[in-house]
Each structure stands twice: as C-alpha cells, then as structure tokens.
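> Protein chains in written order, with UniProt numbering: chain S, 1 to 94; chain X, 1 to 484.
Think of the hints as simulated: they come from the structure by calculation, not from any bench. A portion of the hints provided could be inaccurate.
[Unchecked claim] The calculated label-pair distances, taken between Cβ atoms and stated as ranges, are:
1. S/LYS40 - X/LYS79: 38 to 46 angstroms
2. X/ASP98 - S/LEU61: 33 to 41 angstroms
3. S/LEU61 - X/THR76: 38 to 46 angstroms
4. S/PRO90 - X/GLU218: 29 to 37 angstroms
5. X/TRP136 - S/GLY26: 47 to 55 angstroms
6. S/LEU64 - X/VAL65: 25 to 33 angstroms
7. S/LEU62 - X/ILE230: 50 to 58 angstroms
[Said to hold, decoys possible] Below, in silico cross-link-like pairs of lysine-lysine (PhoX-like), each with a Cα-Cα straight-line distance of 20 angstroms or less:
8. X/LYS167 - S/LYS40
9. S/LYS74 - X/LYS195
10. S/LYS12 - S/LYS45
Every value quoted in this text rests on a predicted model; they were computed, and no experiment measured them. Using N, Cα and C, we set each Cβ at its ideal position, and we do this for glycine too.
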Amino acid sequence: MDPTIPLKEEEKETVCKKMWIIGFFGLPFVWFTMACYFWKEKHPKIRFYVFWGLVGFFTELLILVFWMGIFVSKRDSWGETGESLSAVLPVGTQ
Amino acid sequence: MDNKNEGDEQKKKKKHKQKKNTNKVEFYTHYKIHEGKRNPGKEDLDYIVSVYTKQLRKVLIPVAVTMLLVVLVIRTAYKDQEDEGAFNDIMIYDESEDDSAAFRFGGALLNAVIVIAVILVVTVIMVCLYMNGFDWILVGWVVLSVFVILTFYGLLTGLQIIQYTNKSLDWISTLIIALNFGIAGTISIVWKSAKIVNQIFLIIISVLFAAILSTLPEYTTWILLVLLAIYDLIVVLSPKGPLKMLVETAEKKGKPIPGLIYSSMVWFMSTLDKNKKKKKNNKKKKKREEEKEMKKQKKKRKKSSSSSVSNGSESDDILLNNQKINLNSSESESESEINPIHDSDEIDKEETEENEKKTTNIKLRKKGNENNNVKKKKKTQRNNTKKEKESSALLDHSPKLGLGDFIFYSLLISKAAYQDYTTVFTCFVAILMGLSLTLFFLALLQKALPALPLSILFGIIFFFITSNVLVPMISLVFQSHVFL
C-alpha cells in the first residue's frame, strides 16, 4: 500500500512485467510511469520492458496528437459528425 | 562501547524479528536525547533545529505548489461556480442571500456540525474495521476513491479548463487521456511508483479535491474549517483517541495503515558508524504514521479530516538520530485509510456534479477527511542479509504530511482565490507560516501534532482582515492617486 518503500531486487522484475502488461490495454501512460520508475535498472529484462514501453508510449502519443490535430482543423467541415464527436464546443468560431 | 554493544544487541533482536517477516517494514522513530532525559540539551536542540530546517523545505514546497495550482484552477475553470456546486444539494441548509446573516450563520453551523458528525462516525467505523482485520475494505475503498477522483473529477476540471481557453476537443481523445491519467495515478499512489510521480499525483488529487470542496457555500466553509481545526486538535491530542488505537493496532500488525500520505521520501542507507550522535534510545516504541481518513458521508458522502502532527520516537535501533516528521493529513477521498464509502451513493452524487477527487496528499478520498497527523517517524528497514558490517538500514527521513492537510489548506486558499489576488497572497503567507510553526513545534515536542489548527487560525485571521480592510484601502488609495 505504501509506495514509498523501495522495492527489493526480486520483486522488481515482477512489478515491471505487470506494469508492462497493464500498459497494453490502451494505457500508454502507464508505460511512461513504468519507465520513470525503472529508468536506472541494469537488469536486461527490465531494460527491455522499459525500452519497448517507451517506444509504445511515444508511438501512441504521436497517433493521439495526429488525431487531435486532424480533429481540431477539420471539425467544422465535418458538420454533424464533428459536433457529435466534440467534447468541448468553443464559442465564436467562424 | 557500552552503547555500541547495546545497540548491537538491539539490532540483533531487530534483525531477528525481521527475519520472521521478510516483507515487513518496521516503523520506528528514533530520537534519543541524552539517554533518557526528557528535555533536550542545547546541542541536541541545535541538531534538532538544523534537521528541522532541512526538512521544512520538503514539506513547504509541495504545500505551496498545491495551493498555487488550486488558485490557478479556480481562477480559470471554476470562476463561476462559487456556491453552485453539487455540495449544495447535500447540505441540509441551503444558503441564500435572502436570509439574514444570523440565520445563515445558524444554518451553516448546522451543516458543519453534521459534516463533523459524519466524519466522526466514519472514523469510528473505519477504526473498527481496521482493528477487526478488514483491511481489504479500506484498501479497496482507497483505490476506488483515488481512481474516481482522478478520472472523473480530473476529466471535469480538464474540460472546464479547455472550455475556458476556448479550444475544441473530441470525446475519443478526452476519454483516452482521462482513463490513462486515472489508472496511472491510481497505480502510482496505491502500488509502486517513482517518488516524484507519486508526489505529483498526490498533489493533483489534493488540488482536484480542494477545488471541488470550494464550491461549498461560504458561511458553511468557514465554519467547517474552524470546526475541523478544533476537531483535529481534540482528536490528535486526546490521550484516548481513536488515533492512538489505530497506531497501536498498526504497529502490532506490522502493516502500514492504508491511506494517503505525502512523504518526501528520502531513503538512504545508514550504518552505525556514520552516526556521530548515536545515542541509545531506551524507549522502544513503534509509531506508525497515522493516517486517519475519515470518510464522512454527507448523505452518503462526507469528509472528515483530522490532522495531527505527531512525532513518534522509537528507538530500537540506533541508526540515526534523525527525526522524521510525518505529517499525516488524511483527507479526502483519495486515500483514507479508514473510510468505508457507499459507492453507489457516491457515484450517484458524483455524477450529478463531479466525480470524486483525489486522495490525499494526495491521497484522499473526498469523501472522508483524514486526520492530518504530523508525525515524526523513522522507518527503518533492515536488510535481512547480514553483511560484514553493522546493520545498515533504510531510513525514511522525510516529513510526512497527510493529504487532509493539503486539502484544507487549499480549501482556504480557494476561498481567497474567489475574491482577488491580494487575499490569496496574504492567506498563502499565513498558511505557510502556520505550517512552519507547526513543524517547529513538532521538532521540539517530538510527538504527534495536528497540522490544521495553527495554519487555519492564521489563514482565517489574515483572510478576513485582508478582504475587509486591506483590499478596500488599496483600491481607495489607487483611486486617490496616493502612492504608499
């Protein structure tokens, strides 16, 4: 329960693996926090998880930003679909 | 030499104990002053004060950051929402400006007393649950409240901020971001995570929770703050309170109390040799951080917070003469160790307004207020494998502050933020002053102290003086082109 207790060596790999699996459910941010936590580890398996977790995080971030860019610029021209997809409607658009 | 031998014996005993439960973390506070003398001598005082000042920064900075973030959120996203929040539906007395001042005061007093009563009831329930071994309920409660606060309230606040900046956003990205945020935050708070990530999420939870609480009607907020300060004082300093029972039970069980605490978390290894001022501490008390989270259900949701600042001193192992200041403020939703919540009720309520917000310190359940305890604690974790030297232990020398404290400080600042910036600055200074004073007393008195009362006292005094005297004076002076 207390996250301030440092992990022991044996537990690190299991925790890292669990976070790695959790990140596959469409949660790239969990990969990022995993990388923050296990950044300095030298164990090869942990480095594998951290590296590919970061790769996945940045890929998904790129896709998300790309989608957001498309949405913001093309929202007006989509008409009704654009409006139904919007979470926030800005006021005063052309 | 004698000291060392005794220390070694004690260490051996400890290690022996530790070997039984390999995963057990023993919580000790260790402070020995002149071998049994109660009052510290001069050099001890110097040492105490030097340690205290180093640790003060670690506590002040998160509190300051939390308060600034709350002001930011309120000034952008919540500006129109004062007195309009969902909490108004739960209150028995709805404040309105038509009623006379005395009537409003009475109604607000009624509201606040009911809130405190709920907090009390929930605390008692939580203590009972904890003592009878139903830890999993509390842990589950904390997990749920952290998740709900971070996801839903974070979503709501984020959407309001985006609406303030007049951008557009689609539902898909919003849901993805909110879910990511919520789950990553929950993992980092209740499971393992990096220290800085944990602290950031705790601060975020405090900010969200305080912003939500700030929508309480005005008179009710002030009376609630005052009553909470008094309640905290009573609960923490009373000799037979539930806090002590909780701490003792936690020590017996050897498990940390589920709850939300903010800890600056400076872990390092220390050996006996490095400790110049090794002193034997004959007392062997284990004090754990007390996190009391009391959840109140105001008509199913209530929050109670009691803050206590406590210094625990234990001396089993003489590793370091460091004082740990643990400030446990348990409040709110995110974590409360002991607050059962009725999920369905809360979820219904929340969906009307906002979903809950964080836990104190980040961890807090919004629902309950945790007790803010400032305690000095030293956690010592010994390695089970004996090395060639003396035992080395991991000591947590950080001050620990419960999230409830964060939340209520931020609540006071948010009330100031609804007025203008001058009030914000003065209340900011007042609260930090109160906090420093509390920490100083903690260093001096070496026992659990409530973190709320002093700061809230100063904050309230400064708020009313500023908003009623200083601000009109400044605007009048500007208009008359007098330069002070």
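> State for each hint whether it applies.
Comparing the hints with the structure gives:
no. : hint                                   : verdict
1   : S/LYS40 - X/LYS79: 38 to 46 angstroms  : holds (43 angstroms)
2   : X/ASP98 - S/LEU61: 33 to 41 angstroms  : violated (52 angstroms)
3   : S/LEU61 - X/THR76: 38 to 46 angstroms  : violated (25 angstroms)
4   : S/PRO90 - X/GLU218: 29 to 37 angstroms : holds (32 angstroms)
5   : X/TRP136 - S/GLY26: 47 to 55 angstroms : violated (28 angstroms)
6   : S/LEU64 - X/VAL65: 25 to 33 angstroms  : holds (27 angstroms)
7   : S/LEU62 - X/ILE230: 50 to 58 angstroms : holds (54 angstroms)
8   : X/LYS167 - S/LYS40                     : violated (39 angstroms)
9   : S/LYS74 - X/LYS195                     : violated (41 angstroms)
10  : S/LYS12 - S/LYS45                      : holds (10 angstroms)
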